[in-house]
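J.: Add chains L, Z and C to chain W, keeping to what the hints say.
4 protein chains.
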Amino acid sequence: MSKYGVLAEEKVFKDPVHRYIHVRDELIWELIGTKEFQRLRRIRQLGTTYVTFHGAEHTRFNHSLGVYEITRRMVEEFTGRPDWNDEERLLVLTAALLHDIGHGPFSHSFEKVFDTDHEEWTRSIILGDTEINDVLSQVRPQFPKDVADVIEKTYSNKLVTSMISSQIDADRMDYLQRDAYYTGVSYGHFDMERILRVMRPKEDQVVIKNSGMHAVEDYIMSRYQMYWQVYFHPVTRSAEVILSKILMRAKDLYEQGYSFMQEPKHFYSIFKGKASLDDYLRLDEAIVLYYFQVWQEEEDRILRDLCVRFLNRRLFKYIEFNPNDRMDDWLVLHDLFKQADLQPDYYLVLDSSSDLPYDFYRPGEEEERVPIHLLMPNGRLRELSRQSDVVEAISGKKRTDHKLYVPLDRLEDEEEYGEVKRKIRKILDI
Amino acid sequence: MSKYGVLAEEKVFKDPVHRYIHVRDELIWELIGTKEFQRLRRIRQLGTTYVTFHGAEHTRFNHSLGVYEITRRMVEEFTGRPDWNDEERLLVLTAALLHDIGHGPFSHSFEKVFDTDHEEWTRSIILGDTEINDVLSQVRPQFPKDVADVIEKTYSNKLVTSMISSQIDADRMDYLQRDAYYTGVSYGHFDMERILRVMRPKEDQVVIKNSGMHAVEDYIMSRYQMYWQVYFHPVTRSAEVILSKILMRAKDLYEQGYSFMQEPKHFYSIFKGKASLDDYLRLDEAIVLYYFQVWQEEEDRILRDLCVRFLNRRLFKYIEFNPNDRMDDWLVLHDLFKQADLQPDYYLVLDSSSDLPYDFYRPGEEEERVPIHLLMPNGRLRELSRQSDVVEAISGKKRTDHKLYVPLDRLEDEEEYGEVKRKIRKILDI
Amino acid sequence: MSKYGVLAEEKVFKDPVHRYIHVRDELIWELIGTKEFQRLRRIRQLGTTYVTFHGAEHTRFNHSLGVYEITRRMVEEFTGRPDWNDEERLLVLTAALLHDIGHGPFSHSFEKVFDTDHEEWTRSIILGDTEINDVLSQVRPQFPKDVADVIEKTYSNKLVTSMISSQIDADRMDYLQRDAYYTGVSYGHFDMERILRVMRPKEDQVVIKNSGMHAVEDYIMSRYQMYWQVYFHPVTRSAEVILSKILMRAKDLYEQGYSFMQEPKHFYSIFKGKASLDDYLRLDEAIVLYYFQVWQEEEDRILRDLCVRFLNRRLFKYIEFNPNDRMDDWLVLHDLFKQADLQPDYYLVLDSSSDLPYDFYRPGEEEERVPIHLLMPNGRLRELSRQSDVVEAISGKKRTDHKLYVPLDRLEDEEEYGEVKRKIRKILDI
Amino acid sequence: MSKYGVLAEEKVFKDPVHRYIHVRDELIWELIGTKEFQRLRRIRQLGTTYVTFHGAEHTRFNHSLGVYEITRRMVEEFTGRPDWNDEERLLVLTAALLHDIGHGPFSHSFEKVFDTDHEEWTRSIILGDTEINDVLSQVRPQFPKDVADVIEKTYSNKLVTSMISSQIDADRMDYLQRDAYYTGVSYGHFDMERILRVMRPKEDQVVIKNSGMHAVEDYIMSRYQMYWQVYFHPVTRSAEVILSKILMRAKDLYEQGYSFMQEPKHFYSIFKGKASLDDYLRLDEAIVLYYFQVWQEEEDRILRDLCVRFLNRRLFKYIEFNPNDRMDDWLVLHDLFKQADLQPDYYLVLDSSSDLPYDFYRPGEEEERVPIHLLMPNGRLRELSRQSDVVEAISGKKRTDHKLYVPLDRLEDEEEYGEVKRKIRKILDI
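Taken in order, these protein sequences are the chains called W, L, Z and C.
Heads up, the first sequence is in UniProt numbering, so the first residue is 1 and it goes up one at a time.
Heads up, the second sequence is in UniProt numbering, so the first residue is 1 and it goes up one at a time.
Heads up, the third sequence is in UniProt numbering, so the first residue is 1 and it goes up one at a time.
Heads up, the fourth sequence is in UniProt numbering, so the first residue is 1 and it goes up one at a time.
Keep in mind that a hint or two might mislead.
Short derived list, chain C residues pointing at chain L, Cβ under 10 Å [as the list claims (entries may be wrong)]: (1) V12; (2) F13; (3) K14; (4) R19; (5) D191; (6) E193; (7) R194; (8) R197; (9) E416.
FYI, nobody ran anything at the bench for these hints, they're computed from the structure.
Cβ coordinates follow ideal geometry from the N, Cα and C atoms, glycine included.
Extracted from the complex, chain W is given alone in its bound form (with noise of 0.2 Å):
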């Protein structure tokens, strides 16, 4: 039996986004008081967004909170509907606050130079020993369980799961009204509360009533607004660039046995691919910032400038360049920055959006990607890239677009090496 009950008065948060966050439930007082919770704080939502935009310093925290918000709402307009169970109210509210609880600093770039998986980590600290484990356990046993499953979407119930995880769930419709706000661009914004009212439970999954779908088309164009405008800007890529070729650094001198006048404790088990879940949660942005700060008086000349880079926002210019149209000048830049003794494997770096981990709208081209239906007034469900003219232009276009960045500031000293640096440049045309 679940030991948790109603809270005695209602606890609310001031939002910007939501205005106010309500929790009743004594289980979400708890959770969002364990330390691993609190921990997001420490972990802003858009990565090195902030160089680009200096409003985006918000953390994870928010935006869980925000999650839990809204699922919080849906759950309130689903009540007494049928297809809805009302006892899994608690479960998709727990998953919804914890979806991205195992989420680290700057994550895309840890994963992509370390190989780690933050869906991993969500599970470990769900199941692991961990204060949030604790508090799901006294709900009954197998309840972190079934909350990890939501969050991993293997779930037996599907409706519960796309609540949180579809192309027109609470994280996205989170995520896009918040990154908006802070930013303070002028896209992100649909009406969200006309969409909670046209969401229907039906069978495995939520669907839009037909007469909601300009509010939909909305919601899929601010998106798509966002993407280009906000997630993949290149300034912002450009940062993220830097950061992870910081990181790329300190594991390569680890490896080699380089002495660090700083030495990266915290780093150490990750870089050995070895980190346990208390090694995990010790790393947060102010972890990483110590180092790179520290880092700047490195011996090491390119951990160092690097590490300058970033905390000042030297950033690396972008210059469209697609690969595959032209490898004979790719291989002789890469010589090139050798001559010029700028180690390309961090001073000439390709990078793709279609790497970056955002999609707008694709219905089937992954399984997980459910697409969204339409409730039709005859009862019938269409997918809404077939009912949408705007929707089916934008769907499944994978617009990659390849940039190469470099240090422009080196290229145009030409104190050394000043002609390897002009056929650079002439090559880059810069």
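T.: Here is chains L, Z and C on its own, set in the frame of chain W:
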């Protein structure tokens, strides 16, 4: 002769509060790029407020750009008016941008515990061996000194200083709006566009046309509400109390020769009161939070406990308690805390709002608080509170509010010293 | 037994102020569809304010829906609390919706000139032979009477009346926000969501939990600003002066037996003080503006001139003028206006803000002004202005403001009576 | 030589959409004060839309000021750029302000029923014997003609005309935002400030820097959503259907020599197709609504019924019905309506969205629809839909949507012709 001109193309920053921040001057662009200015990205604008209002994660970098932007618009309005000397334009813009450059992490607590002063650091950064000084010196040799003087309000042209330091200056107008935006509270809004339109340079101050009095009333009321609702919030103060106590404890331990598992190298010189400019500039919130995290595993019980509390938001409870009226209780409590093995220096903390570094409108109270003057139709000036009932009502009222902060969890844990703790709780009525 | 139940599907109205207005009760839906309620679409909420703030073209239809919606949310908050009787739900919702049903076009001027009273008309519409009465009677025979009593504040359950008629009721909360939205002023905003959360039914009134005091202060300040910035705006009052004078002139001419080119049939009974309910309900702003337009071509010089002025916004100029201090000037002016062939009854108009039908917070001044009570932690009530400095400061202050309205264009046209007009202008200093 | 200069003090209008509208030119100020311009206060911007979205009560006066303001900001951006001739400044501002001056009440219906054309009236008002012409002529004799030419797009400098008449002009940018604001829908927002910053005068058109493409996409999508959600809303069209039928019926009755109880004097000349400029200018919505109200008591059953329906919002029901596919049903229905004594000319109305005067983006379809060109980095121009997938997707798609409007209440009242009506309802499936 200045080496700086006008940018080939205007640069803009997307800003949620002012929509866009416009930069046309090379000088401003160069200053933003210095490492001392970029460091402001790692210092939150509202210190510990984020534990109360989770949206308040914005930094001093944001705010500094905002103050610059408002000042830029003021200058635009003033251009061509009598009493405005357009040669002061770059000076006031620079001072606006740099007015908070000396702030460190959690400034208020640092200043109290270590007896430093961010205003002195501002001066040092502007006049010392920094990238900022390099940039400023190239305008003209005297320029850094002038900028520092404007910020310190000792500059000869008081009109210029009042644009960024007066009861209705660009600084306050930015932070009220910005802090309201990020916290999400409904206060903090006023019609800045109207205020800018009714501001007039008038001899040595900025005055307000009488027709704009109501807009100014509204601004003063916004301040009033923001102070009581946001800036003096007891939960924020509770977090600040703990933060101050951590710093105090670490310093005490250092002075006692305690052997830290993780040596606080970044703090040594500041513990000794001998921090160099470089030492100071190395401090940012990442560094502080790094130590707080590692100190969670220190041997010293108090330091460890306080760090755990701060990071995991296990704050002290607050109780109204005016020591002037309850001196006897205070002494008894002090004693009881000792008996209960709760060091009263760290666990029984009295905090008064009047200690806080904010003021609402108090004309004439301190020398530097230049009151707001209305420009009457007859050309005379009239101090605002003489014209406005509302402002008069709240002027000069020092609503000191005394609170006691204690660790309720410890007082309720009766495993040890149960009887003493019951006595304490009885006195405090908790 | 009521013939009304719950709608098969909730209806919503898109509303810019409250996002959506939700209707679930058949009764409410039927009432909105009556012709008397639809007539409110042809009566602007703010009378002549649109000549000053061009956005203020919204109607009483809008506002009535808004008051209903806020009351609906209040009831939602009250449901289940002690002192709230859920059987009053439909009654209070109905009274909220219909509280302004008796308003006619430009009510304030009509009431002054023709000595009518919109509150009496409200009663007549609810109890008389109308579609609204038809609908209400089918709830239960006594229902129309109860609705009228709630609106007139004579209903036995004062808690119910206070929800729509008190210092912080649904009526005021809607119009402040709505009028701010449509005029575009930056005042008028307050945190209604918070106020609704801290409202408590308490015996015979709605009280506010003390923890919400600042939100209420903010609301009171919004009112204060809206009155001085919007409701008492002298340009609006100038238009209202002219409108009243048109009505007065038409009535005078009618009583003198003047032969109108365009007979004011719609006005006959009202001129005689004998308007029937049907006569009254036929009046709306289209009817009034129709006559004003055709009267622009009347023979009577004064009626014609005033109508041209009203429609084409050729308003009177306003001058501060306190007749108590300047009785002699007043008498001289009166005489000079006659000499200049400017009928002083129409062209020399004194108007005082205290005549206006708005009040900000004045506890206890008039019987029906129930003050706002705070619910203190100890369970006692405390009148707001005793707890809040700010409210205390503006309470009960009757800032009467006297203005004289004159046709400046005519006074400056010296073709005729030049010398007299120069004298007038000298006295008035214009 | 112009008699107009610059105002001693800038005038501002508070505007909810653009915050403030700034007037510095005496000419603009004088034009706003003319009676023809003030008349726009009595003509709603969105005709019958207010029956669907109750907030949509704003007038063409509002919108005209808004278009002027946006144009003013455009000019500010263009000043000093190549291809911009600052001598056109006053001309384009004036044309912006007056571009809708020829609109009458419910223009769309009037034009359809009486075969008039608001563009011709615009020309007449500008060139005829009006206060506006008086003001304009004092700039220079040719000025009124130039203004009319700009509005009619026949002016020689196409850059000037394109500022107020193109796919992304001041007119559209104002109405999208304004209509969104007043209806309260969440569409209609886009980043106008950004668009203004990327607009460039380029030979004979205004082009958009390619870097601003996404902002333009967002604007096009806003248009698309506004058209389907607001402008083409079937409830609005139902009200418009009834309004048109009232006008048709009154005209028919007049032509048949019917004796009106309330003679429609204001309509005589327009019924005859011989309205003079003065006749036309007398028409406004108050006049129209006056007649609709008095006609509610006419003897003619059809006119009476339609007027009651319009004023009391007893609209026709709409049913999807494509006559191309269902010609037989159409003929049968026509016959059945006659049998049921429901005159099909008035009670069986087919309406297609493609009849409506709005278009979203259709480059090149009609001569005057100048497409949007992007200015590429290489200095070339590129038509928007060739660069943007999203715009391409919705370009030129004419989504005609056919609806049938019928009085459901009458069809359900089986007191008379019950069998016929059942047949009708069966065919229509209602």
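J.: None of the hints should be skipped; say for each whether it holds.
T.: A quick look at each hint next to the structure:
1. V12: OK, holds: V12/C within 10 Å of chain L, min 8 Å.
2. F13: violated (13 Å)
3. K14: Result: holds, 9 Å to nearest chain L Cβ.
4. R19: With Cβ-Cβ at 6 Å, under 10 Å, it holds.
5. D191: This interface hint holds because 9 Å falls under the 10 Å limit.
6. E193: holds (6 Å)
7. R194: Given a least distance of 8 Å, the restraint on R194/C holds.
8. R197: holds (8 Å)
9. E416: violated (58 Å)
Checked against the numbered hints above, the structure breaks hints 2, 9 and satisfies the rest.
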